[in-house]
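Chain A is fixed; fit chains B, C, D, E, F, G and H with the ligands onto it per the hints.
Protein chains in written order, with this note's numbering: chain A, 1 to 377; chain B, 1001 to 1377; chain C, 2001 to 2179; chain D, 3001 to 3179; chain E, 4001 to 4077; chain F, 5001 to 5077; chain G, 6001 to 6275; chain H, 7001 to 7275.
Hints listed in this document are in silico derivations from the structure and should not be mistaken for laboratory results. Each hint should be verified, as a subset may be incorrect.
[Unchecked claim] Cut-off 27 Å, straight-line C-alpha distance, at most; resulting in silico cross-link-like pairs (DSSO-like, lysine-lysine):
1) H:LYS7245 - F:LYS5010
2) F:LYS5004 - H:LYS7041
3) C:LYS2124 - E:LYS4038
4) D:LYS3077 - D:LYS3121
5) H:LYS7212 - D:LYS3124
6) G:LYS6256 - H:LYS7212
7) D:LYS3124 - H:LYS7208
8) D:LYS3081 - F:LYS5004
9) A:LYS348 - B:LYS1316
10) A:LYS321 - B:LYS1348
11) H:LYS7208 - D:LYS3158
12) B:LYS1351 - B:LYS1299
13) C:LYS2121 - E:LYS4045
14) F:LYS5015 - H:LYS7036
15) A:LYS321 - B:LYS1351
16) G:LYS6222 - E:LYS4038
17) D:LYS3124 - D:LYS3169
18) D:LYS3121 - F:LYS5045
19) A:LYS351 - B:LYS1348
20) D:LYS3158 - D:LYS3169
21) G:LYS6141 - H:LYS7256
22) H:LYS7212 - D:LYS3158
23) A:LYS351 - B:LYS1351
24) G:LYS6212 - H:LYS7256
25) E:LYS4077 - G:LYS6036
26) F:LYS5004 - B:LYS1223
27) F:LYS5038 - F:LYS5004
28) G:LYS6036 - E:LYS4076
29) H:LYS7012 - F:LYS5004
30) E:LYS4015 - G:LYS6012
31) C:LYS2158 - G:LYS6212
32) D:LYS3124 - H:LYS7012
Here's the letter readout for the chains.
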Amino acid sequence: MANPKYEFIQGNLACAKGAAYAGCKFFGGYPITPSTEIAEFMSEYQPQHGGKFIQMEDEIASIGSIIGASLTGAKAMTATSGPGFSLMQELLGYACIAEVPIVVVDVMRGGPSTGLPTSPAQSDLLQAKWGTHGDHPTITIVPNSVEEMFTETVRAFNLAEFFRTPVIILGDEIIGHMREKIRIPEPGELEVINRSLPNNDGVCKNPYASDLNKPVCLPNFGKSRIHVTGLNHDDTGFPTMDPMIVARENERISSKIYHQRNMIDKFEAVQCEDAKVLFLAVGSAARAAEEAVSVLRGKGVKAGLFRPITLWPFPKEEFAKYAANADYIVVPEMNLGQLKTVAERFTKRTKIVPINLVNGEPLGPDTILSAVNHLNI
Amino acid sequence: MANPKYEFIQGNLACAKGAAYAGCKFFGGYPITPSTEIAEFMSEYQPQHGGKFIQMEDEIASIGSIIGASLTGAKAMTATSGPGFSLMQELLGYACIAEVPIVVVDVMRGGPSTGLPTSPAQSDLLQAKWGTHGDHPTITIVPNSVEEMFTETVRAFNLAEFFRTPVIILGDEIIGHMREKIRIPEPGELEVINRSLPNNDGVCKNPYASDLNKPVCLPNFGKSRIHVTGLNHDDTGFPTMDPMIVARENERISSKIYHQRNMIDKFEAVQCEDAKVLFLAVGSAARAAEEAVSVLRGKGVKAGLFRPITLWPFPKEEFAKYAANADYIVVPEMNLGQLKTVAERFTKRTKIVPINLVNGEPLGPDTILSAVNHLNI
Amino acid sequence: MRKEIRFSGSGGQGVILASVILGTAAALYENKHAVQSQSYGPEARGGASKADVIISDEPVKYPKARNIDFMLCLTQKAADKYLPDLKEGGLVLIDSDYVDVPETDKYKVVKLPISSTTYDKQGKLIALNIVSLSAFVEVTKLVSEDSLEKAVLQAAPKGTEDFNMDAVKIGRELAKTLK
Amino acid sequence: MRKEIRFSGSGGQGVILASVILGTAAALYENKHAVQSQSYGPEARGGASKADVIISDEPVKYPKARNIDFMLCLTQKAADKYLPDLKEGGLVLIDSDYVDVPETDKYKVVKLPISSTTYDKQGKLIALNIVSLSAFVEVTKLVSEDSLEKAVLQAAPKGTEDFNMDAVKIGRELAKTLK
Amino acid sequence: MGKKEFQETKYEGGKCVLTVRPALCKGCEVCIEFCPKKVLSLERKQQVVVADHIENCIACGMCELRCPDFAIYIEKK
Amino acid sequence: MGKKEFQETKYEGGKCVLTVRPALCKGCEVCIEFCPKKVLSLERKQQVVVADHIENCIACGMCELRCPDFAIYIEKK
Amino acid sequence: MFDYSQYLRNEKLPHIWCPGCGHGIVLKSLIRAVAKAGWNKDEIVLVSGIGCASRLPGYVDFNTLHTAHGRALAFATGIKLAKPEMHVIVVSGDGDSLAIGGNHFIHACRRNIDITLICFNNGIYGMTGGQYSPTTASGDKTATSPFGNVEPHFNVAELAKGAGATFVARGTSYGVPQLDNYIYQGLMHKGFSVIEAAEACFTTHGRKNRKKYGPSNLDMLKWQRDHAVSVEKAAGMSEEELQDKIVTGVLHNVDKPEFTEQYQKLIDSFGGGAK
Amino acid sequence: MFDYSQYLRNEKLPHIWCPGCGHGIVLKSLIRAVAKAGWNKDEIVLVSGIGCASRLPGYVDFNTLHTAHGRALAFATGIKLAKPEMHVIVVSGDGDSLAIGGNHFIHACRRNIDITLICFNNGIYGMTGGQYSPTTASGDKTATSPFGNVEPHFNVAELAKGAGATFVARGTSYGVPQLDNYIYQGLMHKGFSVIEAAEACFTTHGRKNRKKYGPSNLDMLKWQRDHAVSVEKAAGMSEEELQDKIVTGVLHNVDKPEFTEQYQKLIDSFGGGAK
Ligand SMILES: Cc1ncc(C[n+]2csc(CCOP(=O)(O)OP(=O)(O)O)c2C)c(N)n1
Ligand SMILES: Cc1ncc(C[n+]2csc(CCOP(=O)(O)OP(=O)(O)O)c2C)c(N)n1
Ligand code: SF4
Ligand code: SF4
Ligand code: SF4
Ligand code: SF4
Ligand code: SF4
Ligand code: SF4
Ligand SMILES: [Mg+2]
Ligand SMILES: [Mg+2]
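Just chain A, same shape as in the assembly:
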């Protein structure tokens, strides 16, 4: 017998199992390709473990239901793809301003609109950051393996609960649907963070009181009898139009995240130290890029890969450090140039080489290598 802790499973299933590991007790969703496997697992898992699964009438209701569930104290999650992610944008902002922890998985697929429902893409990278109206914080994670679909989902819950904010996981059709071997960790092996609650059985007069740069310690619904709103509010949680308070709170919900970047930042730097050709890539494109790095190194080219695992907030200092030494920043991505805009922001001198593929096919190492061949290296 194989070690029972190993499984050969799809990325989407690993994501769902990661959520279960993290203690997700509520899943509300609406089916959409290529994310359905997550909901399907949850529909089987939750009732067997005292948790709840509900298929809501649409994606707006789905995210609404998980925000509601989270306010009662349940770790809650939904999963969708582009069209559903667009529909969730309004309430993502709600979770930001009301500081409700939720995890939203967007398994990206091709095209704008309905596009190519069963083809891979990476074209929601910037939507994850800017999709909802108004200024708001975003934590976005982009796994690139089945294993990371598990471990990063656990981390997503940790960040959501700690920072009291929605955390977005961007999968893509490739990572979501491919099977790899992963080791399912024992309970206790990975850190699982639970939201901190006020003592005193949750009763508190100023549930939203918080130091600047810090998340709130909002009690769950129950004895607390708090008020939660999507209007700008003060420490008591009630609406205010006081400019000082509004400004502070609008800033705090973002700054709380920038304040503890060490908990959030995560990236992989593959042979970046001396890299002259630095790839910036995420998700499945990063796997292709990593193979390209091997090939190039084999040919004596000093190539490296910088792969943000936490995409937002972007690990800009670390990237800028490697970028400063590189001659070229090559940005292979399955979209028309989204990471590229980030590279442009955080590189002052280096030549940026975009590689964009939007044909519904995976972006492979060959495409990358042939683009790099044209460079003057």
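Chains B, C, D, E, F, G and H with the ligands only, in chain A's frame:
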């Protein structure tokens, strides 16, 4: 009697009248502050002029209805604010990929989520570009006066019809609600572009056939009996997963816009030629910045204002040209730093000074001037 | 010359319409530059409400009032809330029937019994805003009598023209008593 | 050593399950690195459908197959569509009951009457995919007999274990006839 | 949540004590209109209800029932 | 839209001509199952319907009516 | 003297509603019904969307949630399913619950989830300044129907019934004692209950339709009084006679399995969901 | 021999549906009804959302529009109001029209806009692989109800009626001649008409519920045949007897003012809308 061609009206009303001038024959909307005046004018205007006004059940239905109406040949428009704009994101992408001309007005208000419904903000600037999933083109216009609310709305329709794509107008609570004198142009005075249609009464086998970089010449519903879909499609309009075609069409819907930038680009450069302190601002913040420029020039500081009127696509070359000469790029905006990210992308050497106000109050020249005072000039 | 004017009162008193009329008079009938803006939201429904007009010979860049030159206060609440925004050397006209403000060196206070006069002359307070506006214009001379009348007529619903012109006269006469 | 394997056939033939079993055998029972992926969308419903497995001693970076080393084709449509992806020097196993491909120098063609044999031995075609997989493994030696059997057992629904093990044997025997 | 005390004006009638909280009364006249005994009226300047005919009050409670603002209360004697 | 011609197999019975378009038939057996006269059956290898008892056909049209794929047509004589 | 204050966040009063707005009348009705039910405030979650009516949760001392426009029932569904021991009440305007929120409305009805929805039906979008809603009477003038509304309106009770709600009642902000009773029955009902409170908004609606509703807010209330007929009486009336009537009473009341109980049974079938 | 080809985009055939899928049967029914109506193809707009059923427009030679999931009626409303002389037909799956599209469904019913909606009700989300829909029978196993569906389902006809639809009929993919007739009546009806076509999806639904529906696609069709009762017959049956029945027939048919006509009257009141 005053000249009857002059009116002293609100920005929102000017926008609605501009739409009427441009030949808007269909308005579908759902009320939301601070944009309601646009719908209210339309509900009165349209039936009196043989056009149609409908209040739909929500914002999703609103944008759906105008896309439908546009496909029959009507110039169509909706108006909303942040929360409604978020809800419209999915179908904005539909209009992009199906190449249906529509005009969407987002009169921006404060906060994420419900936020501050009656306060001004400029926090949907990047949402207008990245809000929907998948790669897609965007034309976004940001007027900064009642007059521009009229004239730029006419231009928005022209661009929408010419390029067969949604055009977004970003107003804000200040510009939308303030009153100024405007001259209502005579019919024929401003250019009004109508969509070009195939000859032959619309009958054509390949309605989506188009040269790269060019908009389609899609016939209206009627004799044409075309097929329109939000799936990736080929020249015939029918779904395809052929990688070559998918890539070409995904690129074309964006590149058609970049190809005729001269028709689209519009900006105002106030004393930029020799500016060492270059402001980058839009909308009501730009009015404050313009006043700050006067004051600074009065003190001998070489200040200038670069104001994109077409914000997306961003007039990057022109901006970069002025930016290259400046010592400081000062970016005053009523958000937490959205235009700033653009400034970062297109400036390589210059110091960027963000000025951000998110307290629900207008950003005034004093705030700008005091921030500039701290600079080493 | 840039002048900032604020009209303030309670929700239903029509200060917004008054401000629009003033702006119209300046912009359309005197060819000046004018920008009007008003408060929205909960405050506009009850409590103190305000409407601002900026009148200038130059194009108005920043459209919000910051240093009010002239103010009108029809309620005490409004006076309490907005008077701090009146600039040194400014002028405030108050309805002395309802509002009281201490005399000060900082700005000039002009008191007129607007409500009682209006009620006396018209038997109702419907046109209080027009009476106030007219008195205000008489005191501040921001626009000419003629321009004011044209703007009032333009704004008056059909059939109410005479009534409103009457209100203009009442305000003007009332203000003239000051001299 | 990185090997790319493609199983192809028509929608309901179970090529996906076969690929998962092969991947499982390699990844869980031989401690190799393996990545499986499959086609979704309209093609998966009718027409030609495919599933790929990459087996390697090294971690697999890029997870998609590009140069197929070994292929299985259960229908003619699948063969027509996917054979071009087989690399020079590769090997394809076809079900000679339904598929015909011309002999060539480019790659090796192995023909086995899988369907008829399965039908003859089991009276139905339900386990065609397992028979094919087993024959394929016997031909390619990508995993051991033992690992394959373990993986098949792991995948078999309760009560079907014997039937599936029988299918494994049928496939293996059939392939041995080649020698 | 902390309690806030509102100032109260009390009127004593034959059958009841009638309490008004002027800070809450918006002068909507709903209680006045539907009082079957014409007990109540509006004080114009303050826009607050007053019970100028408390003697007629039959403590029917209609005023309290319909007041949208928690501004008027009836206690039967 | 341009017309595409489909290859047709015709069966002539006493009361009807029955047409099958093999390229459209998906072999779902709906027509077979609900034919009252057992006229039709499935050709296993091609998964296409054949009318091997056309002589029994009463031209009731049920096969055409229920075929989801525009694959079978009945013409009465 | 009924002690409202123990249910109120007194420091938040006066509320933001216009003088005479029916929302305040219904709020008090709700409080009395909750008092009669004797529920523990800690175990109540009151949820709303956006609109004038939806400001209600700010004033009552329960666990309160002011969500986004139209979405109250979606949030409430998550709350109730995650923590079925909570009493979940939703308050929502006609626009909130039936225009943008219509989908959540019908699906909550269908699921028969144990939530009580009170629909504050003033037939208008009050908060945004009086545009017509899906319940505005045909012909009424509003900010977006300056020539009279050309759209037909929902019969809220029929819609709820058609979608599967198991308790449906209608009262008015004039007929307060009855309304108390309907709300109370709704709270007690196991399953999804809809109580429509017919109201009036003079500020944004009545003012534009003085000919129909009378010159003042008070006339609008009287209009309600004069146009309400009990369901019993309505049974004997013709469709024409009922044209402009408000039929009040308990209009539908049946017993069906409740959603969260059904779900709990599923959990229990696995031994209560050991981890 | 009925000539379908003149209504088809023949070059797009065979369609993508599974062997035996009822969508193809209903498509043919729709074509025959349109033929009977004698409408000019240039004046028909056929609109759909997303799902298996929603792929239908690709195959017919009208003006066709394949919108986004759930939104067909919103687009269709814009089309019909902008150009009332077009005949607008919407085809939509149960998920498309009643789950995500539920709000547009009830509002189209309310407005009584002259659109014919054909709801392809296979009681499942076919396209995404068989998750339960708002019409899936309680107890059925699906991809997201592995232990049997715990949710109640809509009665589509009741919902439509409750929301204000003026013509409602239900047929099955087995009872084809009747279905032809219902669709034809729906097309002829002035106002919003809903025709529910009860169908079956063996691929994603039947396969998981062989005990109930039988081992094959054909059995599922027979299940339909055996469970359909006419509305006349149903009138005499108890609620229990009707539990698992499909009641077929014209279930509702009334005359009410049609929305775009009402709007046109408004325009005409200004002299037809001179510019
Ligand atoms: C997504 C979204 N769309 C629109 C609005 C604007 N809006 C706020 S309240 C409201 C309608 C309120 O009407 P109703 O629900 O009947 O409540 P009322 O104010 O009449 O009590 C609207 C349209 C919004 N806040 N969010
Ligand atoms: C916004 C959005 N959410 C979800 C989906 C995924 N999706 C596509 S079709 C479908 C359901 C289809 O079911 P139905 O409408 O009943 O049609 P059927 O396939 O059964 O004919 C879903 C959920 C989508 N395309 N867009
Ligand atoms: S209790 Fe009755 S009689 Fe007394 S004041 Fe109130 S309404 Fe009038
Ligand atoms: S009903 Fe209440 S708020 Fe209205 S006047 Fe009477 S006491 Fe005042
Ligand atoms: S017409 Fe009737 S009898 Fe003839 S083959 Fe078709 S179904 Fe059978
Ligand atoms: S019903 Fe049609 S598709 Fe099915 S077997 Fe018969 S002819 Fe073929
Ligand atoms: S606007 Fe209407 S609904 Fe809103 S508070 Fe005022 S009266 Fe009530
Ligand atoms: S999955 Fe179901 S609904 Fe879709 S085509 Fe196949 S049988 Fe029809
Ligand atoms: Mg309302
Ligand atoms: Mg379906």
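When the hints from earlier in the document are held up against this structure, which numbers fail? 1, 27, 30, 32
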